[in-house]
Each structure stands twice: as C-alpha cells, then as structure tokens.
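Given next are the chains, with one letter for each unit.
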Amino acid sequence: MSRLIDVQDLRVSYHSAGRVTEAVRGVSFHLDPGETLAIVGESGSGKTTIASALLGLLPATARIDGGVLKVTDHDISHASERSKQQLRGRVVGLVPQDPMVSLNPTLSIGKQIAESLVLRHGKRYPGLDADVLELLEQVGLDNPALRAAQYPHELSGGMRQRVLIAIALAGEPRLIIADEPTSALDVTVQKRILDHLEQLVKARGIALVIITHDLGVAADRADRVLVMRQGELVESGVASKVLSAPGHSYTRDLLAAAPAFGETPRPVSVSTLGAQPLLEFEGVGKRFQLPHGQHFQALQDLSLEVYPGQTLAIVGESGSGKSTSLRIALGLEQPSSGRVRFAGQDIGGLSWKAFRPLRQRMQLVQQNPFAALDPKFSIYQSVVEPLVSFGRLKGRELEQAARRLMEQVQLPASYLDRLPRELSGGQRQRVAIARALALKPDLLLLDEPVSALDVSVQAQILDLLRELQAELGVAYVLVSHDLAVVASLAHQVVVLKQGQVVEQGEAGRVLEQPQASYTRELLEAVPGRRLAVA
Amino acid sequence: MGAYSITYFILYLLPGDPLSIMLSASGMEIDALSPEQLAKAKAYYGLDQGLLERYVNLLLGVLQGDLGQSLTLNRPVTAILAERLPQTLALAGFAIVLSLIGGVGLAYLAAYVRWQPLKTALSRLPALGFSVPVFWMGLLLIQIFAFGLGWFPATGSTGFDSLVLPAVTLAIPSAAVYAQVLQRGFQDVWREPYIVTAYAKGLSRAQVQARHGLRNAALPLLTLIGLQVGNTVSGAVLVETIFARNGVGRLVQEAVLRQDIPLVLAVVTVSAAAFVLVNLLVDLLYPILDPRITHAPKVS
Amino acid sequence: MTVLQRLIPVAGEASQWRPRRRLQRLLDQAGPLLRRPGFVVALVLVLFTLAAALWPGLFTQVDPYATQPSAKLLPPSAAHWFGTDELGRDLYTRVLYGARLSVEAALLAVGLALVSGLGLGIVSGFIGGRVDALIMRLVDVLLALPGLLLALAIVTAIGFGTIPVAIAVGVGIIPGFARTTRAEVLRIKTLPYVEAARLGGASWGRTLLRHVLPNAWGPVAVLATLDIGAAILATAGLSFLGFGAAPPAAEWGTLIANGRHFLITAPWVSLLPGLFLVLVVFSLNHIARTFEEIQR
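Protein chains in written order, with my numbering: chain A, 1 to 534; chain B, 535 to 834; chain C, 835 to 1130.
Keep in mind that the hints were calculated from the coordinates and are not lab data. Each hint should be verified, as a subset may be incorrect.
[To be verified] Here are the simulated lysine-lysine pairs, BS3-like style, with alpha carbons at most 27 Å apart:
(1) LYS84/A x LYS70/A
(2) LYS84/A x LYS653/B
(3) LYS1023/C x LYS353/A
(4) LYS111/A x LYS70/A
(5) LYS906/C x LYS376/A
[Unchecked claim] Output of the computed footprint for chain C on chain B, the stretches with three or more beta carbons under 8 Å from beta carbons of chain C:
(6) 655-664
(7) 672-686
Just so it is clear, CB atoms sit at the ideal spot from N, CA and C, and this is done for glycine as well.
Between the sequences and the hints, there should be enough to build the whole structure, so can you do that?
Take a look at the structure:
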C-alpha cells in the first residue's frame, strides 16, 4: 500500500540575523489515504512548520536540514519550485488558520474559487460557473449565486472559512491540511464547521491533517494523534489510546490543563449571606446610535449582583454584549437604561473625575497581554504606574511595593528590569494582573484573561487567579467565551446571546443542568466531549 | 478656494507694505510719487479698501474667471495663463505617465526578482531617485544626452524631441516615490495569509504576484498619485527654468523675481485647483480598485 | 500564605534588584546598527557634513572667496579636489562653506515644521471632534498647495535670502508632520495599554507625556530625518532659482546654478557640488530607512 505522506527524521531550522532556531527536530510520521491525523502542540511546537513543509511553502528563512519528506512518493524536501507547485492544490489542499485575512479582499468569492477550478481543469472548461455554485452549496452556504458575486468583507468569519474549504475542495486534492481551522471563530460556529468539513472529507475519501493546539478537537475528530513539543515528537498513536492512557508526562500535563478532560478545580465557595453586593446592575440596557437614524441594541435588561470575594462570569459569543457590560461597569460607556451601583453608590452618570476615586477599588485585566503593556515601559514602571498616578507611594516604598506585587503574581523580582518584549505571553499577563492589584482593589474585571494564551499557560494563570482570590478576598467579574474557563473560576454565571440574558444562576447548576437550549449548545460545542462522555 | 485664501493672506498680509512692492514691480519708485499720485495708485490696486473687503472682491472675481491684472506684463492674468498652460500640461502629463510606468515597473521587477544582490540593488534605487535634486538631474541629462550624445535638444519648447529630456527629469523623483511605496506595498502584501491561500491553490509565483499581489499592493499608490501632482508642479518650475521652456513654471519663477503678486497668486490658485481636481478623480477611481470602499456598510 | 512560601528563594534575589539602566539599553540597541556597513558610511558622511557646517576651517585651509584668475575652471586635481570655478575659487572649499548655509536652512525648516506640525498633530489627535476637523481642513488646504509654489509665494511676500527660504520650505512640510503625528496619536490612543493607564488613574496629561508621545515618536523621527534631506533639496531648488543667499556667499543650490553656464566646457563646476548634495541626501534617506526597519 502506497502511503500518502511519509516523513522520516525531518529537521527544519529557521535562520535570521545570524540566529538559528531549530523548529522541527527529527520528526517521523506517515499518513494513509483517507485517514485523519491530528498534530497537537502549543505555540513553538513546530506543528505549523510541518504544515508549511508539507505544502512546500516554507518561508525563505527556513531550511530543511535533513530527513525525507515524501508526498505520494515524491520527495519534496529538496524538490524544485515547479514540482512542488504541481502538488499544491491537486494533491495537497490547505484550509488556513484565520479566515478573516486568508481571502484576497479585492477579488469576488466566485473568482477566487474559479481560480482553483481552472487550475485543476484547464482554462476553457464549460461547467465553471455551475461548479462554483455547486461547491458553495456543498460547503453549506445559502444563496450561492449571491455569495459568488460578493467580496470577502461582506461575509462573516464562519462563511469565509466555508469559502476557504470550497477553495481547497475545488482542486480535488487527496489530502487537506487544516491549520487551526477554527480557532478564530466562536465555539458553536467552530463545531458546525468542523462537523461539515469532516463530513465532506469522509464522503470524498480525502485524507485530513488537523493542526491544532486543542486536544479536544484532536480527540473528537482524528484517527491518530501526534503530540509535539518544541520541535520534537512526544507521543503518537491512535487517538483514543493516546488520550485515555497517555504515555508521556507532557501529554498528561496537556490533558490535565485541557479543561474538558482534567478534573477541573472548582472555585472555593464563599458565603454571601448578609453581605452587601459590591457591584450591582439593575435592568441595564445599552443601545448604540447608528447613522441613518438606526440603532443597535447591544444589551438589554441585564441585572446582576457581585458579592465581595466572589466571581461572577458573563458568558457569550462575539456580539453577545459581554464586553459592553464590562465597559459599563468600568464607566467607559454610559448605560441607556437601568442603574449601576458600586458599593452602594450609583455610578450610572458619573463624570470621569467623579469616578476616579472609585477606580482605586475597581481594576481591569485586559484580553491581550501583548498589547496591554506599554512597550517603552519597564515592567517596574508598568506595575507601579497606578500607585504613581494616585500619588500613593514614593521612592523606596514604591520599589518595595513592586517587589511585593511581583511575589504575588509569582514572578522573580529581577524581571522588574525587563521590557515587555522580553517576556512570554503568560508572564506578561501576570504583570498585567500585578498592575491591576497594585491599588489593592476590591473588584477585578477580567476581560477574556486567558484567551490569547496556550492551554497549559491558561491553567497556570487560572490557578493564580484562584489563589489570589482566596488570599486577598478580591471579587472578580469574568468575561469569557470559554465555558471551561468559566467553570474553573465562577460562582455565578450569566449567559448572554445577542444582548439578551439567556440563563442566569449558580455556576454549578447552569453548567451541569442547563435550562436554556443555547446554553446546552454552548456546552456541547466544547471540544473533547466525545471522549469525556465515553 | 481655501488655497486661494491662504495664499492671498500670505501675499498681502506678510509684507510690510504691499504698495511699495507692487509699485516697484510696475517700475515706479514709491519715494518719487506725490501723495495724490500715491492715493491714486492705492485706489488702482484696490489697496484703499480694507483687507477683507478687497479679499471678497478678489474672490468674487476669481469665481467669475477673472484673476486680475499682471503688474509687470500689463495684461490680464487669465490671458497669460491660457497662453502658457498647454506647454506645462503637455510636460506634466507626459511626466506623470513616464513616472507611473517607471515606478510601477521597477517595483514589480524588484518584487519578482529573487537573486538577492539584484533585489537589493533594485530596492535601493528609489531612495537614490528622490535624493537627486530635479535641477541637477536636468543638468546631468543635458550634459549626457544633449551635449554628449546629441540625441535631444538641450533647451527650447518646440516639438516632441524637446519634451523628452524635461519630462524624464520631471518623472524621476515621482517614479522613485511610486516605486518605493509599491515596493513596501508588495513587502506587506507578501506577508498576508491570503497569499499563502493563493499558493496553496497551486498558482505559480508569477501568477500570485499578478493576480493577488499587484492590486492589493497598489492601493496605497492611488492616493499618492493625487498627492504627487503637487510635486510635479513644483518640479515643473525648476525643469522649465533649466530647459528654458515657456510654461507656467517659468512664468511663476519670473513673477516671483519681479514680485508680481497677482500673477503668483493666480498660478498658485490654478495649480491648487488642478490638485483638487486630480484628487477628486482619484477618489472616484478608488472603489473600482478596492471593493471594500463602496460596499462597506457603515456599522461599527 | 502558600504563595509567599513558594517565593522565599526569589525574595533573596529581589534585594539585588535596582531600577533600570537606560544607557545600557541604548548601547545594546546601537550595537547591531554599527555592524551595518551602509549605515556607518552614511552616518560618517552626514557627521562630516555637520562638522563642515559648524567648522568649515577644519577641513580646508583655503579662503572660499579668494579669487585666482590664473586658475579658473580647472578640472578636479590633487590641489583642487572638485576643481575651480570661473573666478578660480576652490570648489571643494566653497562646497564646505556652502554646507553651513544649506544645513542651517534645512535644520531651521525642519525644526519649524517639527514644532508646529507636532503641536498641531497632537492637539488634533488628542482632542478630536471639531478642533480635529478644523485643523485637518487647514492641513488639507496646505497640502493642496504645491510645496515649491507655496514657498515661492512666501518668498515673494517676505523677501529673498537664506532664512526666508528656510521658513518657506518649513511651512511647506508642516502638513506631513501634522498628519503623521495625528495618525500615530490616534493609533496609540486606542491601544489597550493606554486604556489601562487611564483606568489606573493616570490623567490625560500624564498619559500623553508618558505613553502616547514616547510611542508616537518613532515614525515622526523617521519623517524628520527624511525631511532634512527633502529640505536640503527644496532650499537648494529655491536658491537655484535665485532666491537664496546673496553672492559671494553660496549655498549648494547657488553653486550648481552658477556652474550651468559652463556646462559644456567645465561640467564639474555644476555636477560635483550636485553629486556631494546627492550623497548627503541619500545618506539621510538611508539612515531614516534603517531606523524605520528596526522599528518594524
């Protein structure tokens, strides 16, 4: 039986500015026709490099140092550009990572699909337009004739990903590489698209390589799994076997960190009997004025109470109004209706100046740790900035406070001297948390605090947040799309959909016995359920 | 209109005594005139009116196509312009075409070539192009092609032959700017994920560049073409002086030397109008090249 | 107290820590730059020109105005590196002395544009609303006036000479600075770390000075370097047209203009000073581009 892909002892390194980084170090695997393989790893594991190598699209800075890379018996590790081009599209197709930027913005959808068809069937073949429409229909887009005439910016992310799948299918390849195909999309959309892709591929007998950071995705869809770390193959084998009885400690760590598998640590319950709510929303709504006299209802009739030492999570997909509610709590937006109270004080219509004293008791941790720190500030300057702004401390006391804060977020004090770019994502998020804690606030607002981080780092940050809450008694409002993150932190949960409250209540009840169908849909979309249930 | 206003205020407000400048421009000495004559002169130039009143009058004149009277040539400014403008339009038009061909061609080549030394050389060329002063480049070209090789006449404004050297001179800085911006456009586009998508379809490098690269890389160029009109007019002043061509550029140089205020004002106004016109055209062209502009729904 | 216990070994390290060393960081950044040969050559040439502008006597012993009828229009040689002009004056010396006027004019022009453009851009980007609309309309109008023509209009109004020319050129490049600054300020204003600083209680003034300006500075500095080159070209252009310094003092543009009368017999009189000018401007462009590349 001839193999579709046969990789033996592949080694790839990147060379830039005299520095050499070994991205892939002696990896071997193979793939048979019709098989589905998942390559799992965190950032820097080399999984994307392997995908590029299979397509013959390694960047100019990359070099294949050794090994064999056979695609349908052609070794392409040192093949000419022309012969690699022959393989692309016809033998190996790609479903890229981020659908928002992976379509040419200045060409219509129809033309971009037709381009692939023409490459496959030659310039003058009669059924071109009909085939474009048929493909669009097959990948699950309504009104194909309209879609073909539209441009990428007129389609949503999910629709664009379907178009990209159509482009890959148009070349009638024997293998499709899906590089983190849905990580940029909402969970429910993610599930639908992956289901659809799986079905299309199975029906045509196309082999599939899924590159992912998410063990859940791998578990649900793949026949076999490769686990990679820092360019090396850690473990490989049949999916169910690797995930139920991992042989390597790293796989075990990954599994423990992946929320769907590990016995997720639950938050310590806090008694709220007789306590005054710290933050209170009462029928809060927000509508935005749009041009042409239209308006957009971002949030409707949201009521919630956050008690000291407790975590309230607001869950929803993009466009659910979860960020808007956070901005209202912070006083960055004024509510259009309803009342917002902080520690008993109405903060609905407060000016920036009147709000300022309250900021010492309410701080924000932002979503993207890579943009949350001023690149020109040393960590020390960033961490103590709120203290300086409020004129709380000076000189040696300030330095001491900085050291204390670094201890709290478990970073060495020597890091105070570094610049943000010298830190990893997880370390930067710790710095951002330290900055938010500097004023010793009663309430921290966490805006998707871990969504930009690797899974294992996510788990560490969540642990830290839990410990800090237990130690300092600070209350959290957590905004997240990820139910697993919510489960590990929240006491109370509010589920939002398009500005409306779908379900609300104790975290344990909402997550284990969801009443609303939308909550159930969200829960089912969490990857890895198939294995967890089995 | 705004341009006219600003230039007006620069020309009439900044100098201490516009009257003396104007009189000396007409060949009279201010000290030699009697008070009555002075008053008469003042009335003649409209300087007895208040600053704003005169401004409104002049502006009304402009709207009716009357740009006033030249002080030194004693003819209506409109007539002088009508006589000189075709020369300059031919020069500028030819230069713009040349610069686009040169600039786009160079950048396209630089993006396509993969032999590193040649690529580096090609990508450094634009920087050299706009480091060279227009007038010096003109002299160099005259030295080589007119005196050295004798292919083209060195000066004059008759026939197509005499247009070549000035137009090339004028085109070089603009071409360098286009090439530079387009090269950067290609660099940015080359990093876009949709280029990977295009390669993954099985397209060759040349096809990817032509179908997916060029149009996206050229978007910033369009705005620039509009902005470069101003530079082309500036360059025309120098080029027409060097090549002794009877165009608007040389006219304005002479006008400034003689401090002929109405004439300077008129030329600046006309070129600003041309600038606005070209930029309007560019704005109209934009949606054809970039579908996002027309279709974008205004929701944020 | 689990968190604290875990960190006891780290606490020992903490006592050694002291706030940062700015100079060290600067040197770390300069190191790789100095390993680029092109950059070093450009930098040396620009520094040489600056030095020549400040102390021309250091590099030549000849009097720039000393005429020598017997040695007129000599080609370049060991005695006269750039040859001599129609009055027998040493061209190399005249180029060096010309550097003073030209560099002075360029720096004055860019300084003027930098201060007013930066001011307009910051006000426009930071305050926004109607102020922004008004300033941007003004800048658009200025942009619609071709640079050289605007400069010519200003020169007509305030007279000829090095300083008027410099002011005229400076006014012409204000719009570029205003736009770049505004765009940068607008971009940085929406970044998460600015929001974080504001929520951390920082005033607008502090946010502007400590966060927005330092981060907006990069592209503006690149533009300033580029514009010194552009200003040298523009002032040379104006003095070429005859609006610059009065003879016998000579800017680079005047030197080139003088030489064109002898283009057939003695091309170097015009072309060599021009070549020097080209090299200086090219070096400035190269430096600006290198800075831009490392910022990316």
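Hints and how they fare:
no., hint, result
1, LYS84/A x LYS70/A, "holds (11 Å)"
2, LYS84/A x LYS653/B, "holds (24 Å)"
3, LYS1023/C x LYS353/A, "holds (19 Å)"
4, LYS111/A x LYS70/A, "violated (32 Å)"
5, LYS906/C x LYS376/A, "violated (58 Å)"
6, 655-664, "holds (count 3)"
7, 672-686, "holds (count 5)"
Of the hints listed earlier, those the structure fails to meet are numbers 4, 5, in rising order.
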